[in-house]
Structures are given as C-alpha cells and as structure tokens.
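Turn these sequences into a full structure, and let the hints steer you where they fit.
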Amino acid sequence: MWRIGAATLAAAFMLFITEMAYQSQSDRLSTLAKMGKARLSLTYAMQRITDAESGKRGYLMVGGQDYLEPYVRASNDVRVALREIHALDHDSGERSLPPMQMKMDLIFEEKLAEMQEVLRRHDSGNREAALDMVRSGIGREIMQRMRQAFDANMAHRNQLIAEGLLEIHDLLLLGRIGIAAMTVLSLLILVLLIRQGRQLMLEREAQRKALMHEKGRLEQEVERRTSDLRDLARHLQTAREDERARLARDLHDELGALLTTAKLDVAVLRPRIQQNMPEMLPKVSHLTDALNQGIALKRRIIEDLCPSSLRTLGLAASLEALLHDTGKVSGLQIEQDLQAVELSADDQLTVYRVVQEAITNALKYAQARHLRVRLIAQGQQAVASIEDDGIGFDPDTSRLGRHGLRGMRFRVEASGGELSLTSAPGQGTCIVARLPLLSAACADAQGSV
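With our numbering, you'll find the sequence shown wraps up at 449, consecutive numbering, no jumps.
Keep in mind that the hints were calculated from the coordinates and are not lab data.
Just to be clear, a hint being listed does not mean it is correct.
No farther apart than 25 Å at their CA atoms in a straight line, the calculated lysine-lysine pairs in the DSS-like style are these [to be verified]:
#1 283 / 298
#2 298 / 328
#3 298 / 364
#4 364 / 283
#5 263 / 298
#6 283 / 263
#7 298 / 215
#8 364 / 328
Since the model is a prediction, treat every value here as computed from it, not as a measurement.
Here you go:
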C-alpha cells in the first residue's frame, strides 16, 4: 500500500509542475486549449451527425421509436456542438476560423434538413417517397461534401495549433516529460493494483473451491442419509407386511382351528342337549351364532392383514370384495369401475393398501357419504383413483392422517410410481396413484440391462 501512496504522491507532484508551467503561458495555452476543444467539438458534431444518419436509417427500416429517439438526440447534440464551436472560435481570437466554420455549418444544416425531410415523408405515410429520397444519393453527396469540408477545417485548425505549439515548444517539452512521468507512475500504480486484485481473486477462488467442496460433501452426506432412511423405511415396510402375513397365518391356523373345533363340538352336543335339556337349545343356538360371527371376524381380520384373494382372484376382485364389505358395514355408497390390470404381486399389494388407507381416511376424517373408486390401465401405467365427497382439507396446513398419506406416497414411489392428492375444504378429496404396468416395468428392466 505504501508503494501505491508514494507513486500517487509523485504523480501529484508532476501534475503540480505542469500546472505551474501552464500558468506561465496561460494566455497562449488558453487559446490553444480552446482551439483544441473546438476541434474535439467539431469531431463530436461529425460523429453525432453520423449517429443521426444511422438512427434515421434504422427508423426507416424498422419503424420503431427506439431508432427515432437516438436521431432526435443526435440532431440536438449537433446544433449544441456547432454553437459551442462558434463560441470557442470567437474566444480564441483567430479571425480565419469563423468564416470557414460558417461554411461547415451550412453543410450541417443542409444534412439535418435532408434527414428531417426524409422522416417527414415517412411519418406522413409516404414511405416510398422517403425511400426514393434516400436512394437518390442526396444524403450521400451531402455527407461527402461534409467530410471534405471537415477535413479542410481540421487541417486548418491543426496548422494553427502547430504554429502555436512552435511558440511554446519548451513548455510542451516540459509537459511531455511530465506526462511521460505520470504515465510511468500510472502504469506502476496499475501494475500494483493488478497484483493486489489478482491476489484477492486467488483468495476468493480458493474460498469458492473450499465452499464448493464442502457443499459437495454435505450433498453427498445428505444423499447417503436419505438413501439410508429410504432403505430403512423400505425394510420396515417389508417387515410390517411380513409380520402381517405371519399373524394372518397364525390366526388362520391356530384360532381358526380352535373356532372350528368348538363349532364341531357344539354340533355334536346339540342332539344330546335337544334330547336331554331342550330348554338349553336357545343358548346352544346363540353359541353357534357367536362362533359363526367369530369365524367371520377372523376371516375379515385375516383379509385385512394379508388379503389372500390377491393371490387367488387378482387385484380387481380383491378390491371389489373390499368395497362390498366396506359398504355393507359402513353404509357408504360406493361407485366402482375396476378393470383387470397387469401388475406384479408387490404392486398389487401397494394398490390394495392405498385404496384401503384411502377408505379408512374417508370414513375416519372426511365424513364422506359417497365414494368413487376406479382402477384402469392408461398407457403404460395402472391408475387407481379414490374420490370422496367429504369435508376435504388443506393439504398444506392440515395434519389429519398425514402419516397415512406419507405411507401411501412412500409405497407408490418405492414401486416406481407417483401419487397425487387433491383436496380443499368443503370439496372432498381425490387420491390418484400411478404405477407402471408389468410389461412396462419388464421393458425398463431389459433396457437398463
């Protein structure tokens, strides 16, 4: 930093020396400065007249205000620059400049008038007339004369400036030395700033790489943990289904055997009781009914735990039986459209559980009176939809049955499908599960191999 400060101080010192030299020859240098400024203004006027010509041509071709506005600004800048040139020439005291500049002004005004006439014809609706005027070459001829007058004007001004420079040769030599020294110092400052900036860039790049590395590490960690959680959830889901199947087998084998044995024993005892204790027959009949109800309850529990009809009758028939039992027990009006679809055994169980959970939610939370269940094949997917006319809810805020919905979504996504839920307060709920058909899943598996 001290090097930059020293270089800046030296540059300021050289500027001070140059300023003192300027003060010693202020009158002549002021004249030269005004002449130089007039030359710059003339160059600027020439540049702006070219910009105005470009804006005019763009406006004629495109017709947008984006091209007309630059033309208007450029025209105004030309007139301002010409007035500034006249003021500078008057202050410089050179008598040869105003007459020459007047000729230049006439050509500028002629060019501005030509462009204004072209735009007037265009804006009045006579676009062809405007284009004809452009094609006629009038503008090009004026621009050629303008460049010739500009070159002559600039040559004359350069000659006057050269003559003035000869008078203050020593001063300019000192100024050149000062400018050279300031240039060297400026380059030195620039080099120092570039080095400092490069060092800052390297530090920032190192920080960026460190952040990117940390970000990648964290993303990998998140992906790993997400994968672990997904595997754990899948394992728990599989274990849950296995436990349900085991419990269903135990109920069928052991409890079923006990109830069947008890029913057979009652059937054996019934004739003897009828002969010896006829007054006990109502009790025996009640016991038989209770055993039948127990057997029916056992079958219903087994079907809820592990629907055997999926293996024997298929998904559509199993859902039909589920809906029939649900409507019979709950009194819910159920409309169904169930088609046979080709799904793997696991996917059939997934659809069955989704429908089962949706029915439970409709009865438990939705206060629904009507239910519509569909199972169709749509393209390469099996689509199961469950729609009720219940009270509905806001999926973004409500927490009712959230774990059940998450469980449904996980089941479907684990099978390579997707689940969508649509609901609003007072408008019921619609759950749609889409799973790939068995043929599509096999095709994907072969493609991946």
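> Which numbered hints does this structure break?
Replying inline: 4, 7
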